[in-house]
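Between the sequences and the hints, there should be enough to build the whole structure, so can you do that?
In order, the protein sequence lines correspond to chains A and B.
Quick note: the first sequence, position 143, residue 143 per the working numbering, numbers continuous.
In short: position in the second sequence from 1, add 315, done, that's the working numbering.
Hints should not be assumed to be uniformly reliable.
To be verified - Label pairs and their computed distance ranges (CB to CB): (1) Gln67(A) - Thr592(B): 45 to 55 Å; (2) Arg394(B) - Phe17(A): 33 to 43 Å; (3) Gly490(B) - Glu59(A): 27 to 37 Å; (4) Gln514(B) - Ala25(A): 27 to 37 Å.
Derived from the structure by calculation, the hints contain no laboratory data.
All figures in this text were calculated on a predicted structure; none of them were measured in a lab.
Quick reminder that beta carbons are idealized off the backbone N, C-alpha and C, glycines included.
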Amino acid sequence: MPVYLLSRAAQFAVALFVASVVIFAMMSFLPGNAAQVALGTNATPEAVAALEARYGLDEPPLTRYLQWVGGMLGGDFGTSYVTGAPITPVIMNSVQVTAILVVCSIVLAVVIAVPLGTFAALEQRNWIGMTISALSQVGIAVPNFLAAIILVMIFSLGLGWFPSQGWMAPIEGVGGFLARLVLPVVSLALVQAAILTRYVRSAVLDVMREDYIRTARAKGLTRTRALFVHGLRNAAIPVITVAGVQLATLLVGAVIIEQVFVIPGIGSELVRAVANRDLVTVQGIVMVLVMLVLVINLIVDLLYPIVDPRIRSAA
Amino acid sequence: MSEHQDQPFDPNLPVRVDDAGPATGPNAGPAIPQRGRGRRRLSASMIIGASLVVLVFALALLSFIWTPYDPSVIDPAARLQSSSLDHPLGTDRFGRDTLTWIMYGARITLLVGIVAVGIALLVGTPIGIIAALFAQYPWGMWIGAVIMRANDILLAFPALLLAIIFAAVFQPGTGPAMVAVGIAAIPGFARVARSGTMQVLSSEYVRAARASNRSTPAIAVVHVLPNIAGMVIVQASVAFAISVLAEAGLSFLGLGTQPPVPSWGRMLQESQQFLSTHPELALWPGLCIALAVLGFNLLGDGLRDRFDPKMEARGDG
Numbered sequence: 001m002p003v004y005l006l007s008r009a010a011q012f013a014v015a016l017f018v019a020s021v022v023i024f025a026m027m028s029f030l031p032g033n034a035a036q037v038a039l040g041t042n043a044t045p046e047a048v049a050a051l052e053a054r055y056g057l058d059e060p061p062l063t064r065y066l067q068w069v070g071g072m073l074g075g076d077f078g079t080s081y082v083t084g085a086p087i088t089p090v091i092m093n094s095v096q097v098t099a100i101l102v103v104c105s106i107v108l109a110v111v112i113a114v115p116l117g118t119f120a121a122l123e124q125r126n127w128i129g130m131t132i133s134a135l136s137q138v139g140i141a142v143p144n145f146l147a148a149i150i151l152v153m154i155f156s157l158g159l160g161w162f163p164s165q166g167w168m169a170p171i172e173g174v175g176g177f178l179a180r181l182v183l184p185v186v187s188l189a190l191v192q193a194a195i196l197t198r199y200v201r202s203a204v205l206d207v208m209r210e211d212y213i214r215t216a217r218a219k220g221l222t223r224t225r226a227l228f229v230h231g232l233r234n235a236a237i238p239v240i241t242v243a244g245v246q247l248a249t250l251l252v253g254a255v256i257i258e259q260v261f262v263i264p265g266i267g268s269e270l271v272r273a274v275a276n277r278d279l280v281t282v283q284g285i286v287m288v289l290v291m292l293v294l295v296i297n298l299i300v301d302l303l304y305p306i307v308d309p310r311i312r313s314a315a
Numbered sequence: 316m317s318e319h320q321d322q323p324f325d326p327n328l329p330v331r332v333d334d335a336g337p338a339t340g341p342n343a344g345p346a347i348p349q350r351g352r353g354r355r356r357l358s359a360s361m362i363i364g365a366s367l368v369v370l371v372f373a374l375a376l377l378s379f380i381w382t383p384y385d386p387s388v389i390d391p392a393a394r395l396q397s398s399s400l401d402h403p404l405g406t407d408r409f410g411r412d413t414l415t416w417i418m419y420g421a422r423i424t425l426l427v428g429i430v431a432v433g434i435a436l437l438v439g440t441p442i443g444i445i446a447a448l449f450a451q452y453p454w455g456m457w458i459g460a461v462i463m464r465a466n467d468i469l470l471a472f473p474a475l476l477l478a479i480i481f482a483a484v485f486q487p488g489t490g491p492a493m494v495a496v497g498i499a500a501i502p503g504f505a506r507v508a509r510s511g512t513m514q515v516l517s518s519e520y521v522r523a524a525r526a527s528n529r530s531t532p533a534i535a536v537v538h539v540l541p542n543i544a545g546m547v548i549v550q551a552s553v554a555f556a557i558s559v560l561a562e563a564g565l566s567f568l569g570l571g572t573q574p575p576v577p578s579w580g581r582m583l584q585e586s587q588q589f590l591s592t593h594p595e596l597a598l599w600p601g602l603c604i605a606l607a608v609l610g611f612n613l614l615g616d617g618l619r620d621r622f623d624p625k626m627e628a629r630g631d632g
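Printed below as a string of structure tokens:
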């Protein structure tokens, strides 16, 4: 068990390191460095050189990389060449907003998908199960921004239940916060729930074919009871994997949803930074997003041995 | 159907999970008649998926020969019209014909999908095969391991994120979007190719080929490639669906296909300001994106049923 933990933690550290090198390299060596990009293609060489000197861009790449990583380890993501303001507060404030969105969405997706998928598996041969499968197939094909637009049409413009855009921090008013949270969260969660439903269904179907379920049935348990007593924990493993992948997907999917609903999350900051040609901010935000994806993967891997004792003993 | 007559059950009936094991013995499962049935009949998902994919291709190809209007023609007199005989799907805020734009949008959708999937397939498949081939030898195991670790790290960059980075570093546009989505799709192909290759390498006929002194590259080309082709095609269909979504999302953000080139994602984005008065402006491009993604997903499912009898015997979508 400690070996498993250690090797997994080491993998995480290596992946984080490689990702930081890749991100830094993409931002530094591709045509037009940060200063050039920030000033635009019409900038004079002197202006570019001046900006480079001001932010230490004329230093060798290795020095700049070490400064960047060293700063991040100390919680400092650097200074934007475009606005001249420090990047860290921007990231910290916006990532909280995105975290609320993403966590609520994955919770809602799981709450919808686990019962639906289980039901679809148990009722696999009749029309209810078939309908759930077909609906989930359609749901997967709907991009989250389309779901958002449809939800706004119905519940905001049509019924007037929720505001069509905007954001309010929970401390400014819980009611306003919740009202603005519903539509973005639902649009993110619906698509993920559709995908997750399919995986839950196939995981439950797999489990229902296992010998131990047959044994439980032979003992006289009903299918449902056999599943709940013996099967759910086994079905949980593939579902956790997929939910982890989805959490990462949601993080990036939130970029678009934040645009639709004008929510000041990290995705909005990323898009704004790209539009402003603010490469240093882009670099910092991308690093944060990739790090979060890697952390999610790590957590998923650490959950396996807790859910499945077989992995514990094998490792 | 004559070959099935000696079977103890009707092959057209779905096999009940609970009966499968004991009735036919542990190793002589019901897979053989199931497979025969699958080869003969097209599944519903295959038919629907293939039809939708053909429809998108047809729209795009037709747009090269004929469209109702010129996509760039602005007609202020005909702005924001609903469906009519002149404009079957209505017009946008500049009076441009929506049907024409949908047809042109299909081109971009397919272009991005074909280039992105092409990149991922041509790079990812050999990487996966090589990783599996090296993993056979004690001296090459680390190469296989390093390749797959690199793959895992690339997985931490989802398609949309990589495409946004590319839009930041280069100019936002269709070109960088295609390449970024393609690179992000490489790990999927590498994984599929690797696990397929490992299966093939452990088979009897590869051992026979080895015994008759076939070189490793020859085995890869003669035995591995044809046998993993089915799985790779399934992956291509799924990756195509993902790239359609990524392109639409990116154009929706304004970081993909740039004006004045018509794209579904940007049509959807521009429709937002008219949601309360002209919801149909969002409806058509939205429907197109969803149907295209549905089509490629269903096609992938249908192909998987054909190429992977194990999945089919499970009666699973």
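Hints, one by one, checked against the model:
For the pair Gln67(A) and Thr592(B), the beta carbons lie near 52 Å from each other, so the given range of 45 to 55 Å is met. In this structure the supplied range 33 to 43 Å is violated for Arg394(B) paired with Phe17(A), their Cβ-Cβ distance being about 55 Å. A C-beta distance of roughly 32 Å is found between Gly490(B) and Glu59(A), which places it inside the suggested range of 27 to 37 Å. Checked against the given bound of 27 to 37 Å, the beta carbons of Gln514(B) and Ala25(A), roughly 36 Å apart, stay inside it.
Checked against the numbered hints given earlier, this structure breaks only hint 2.
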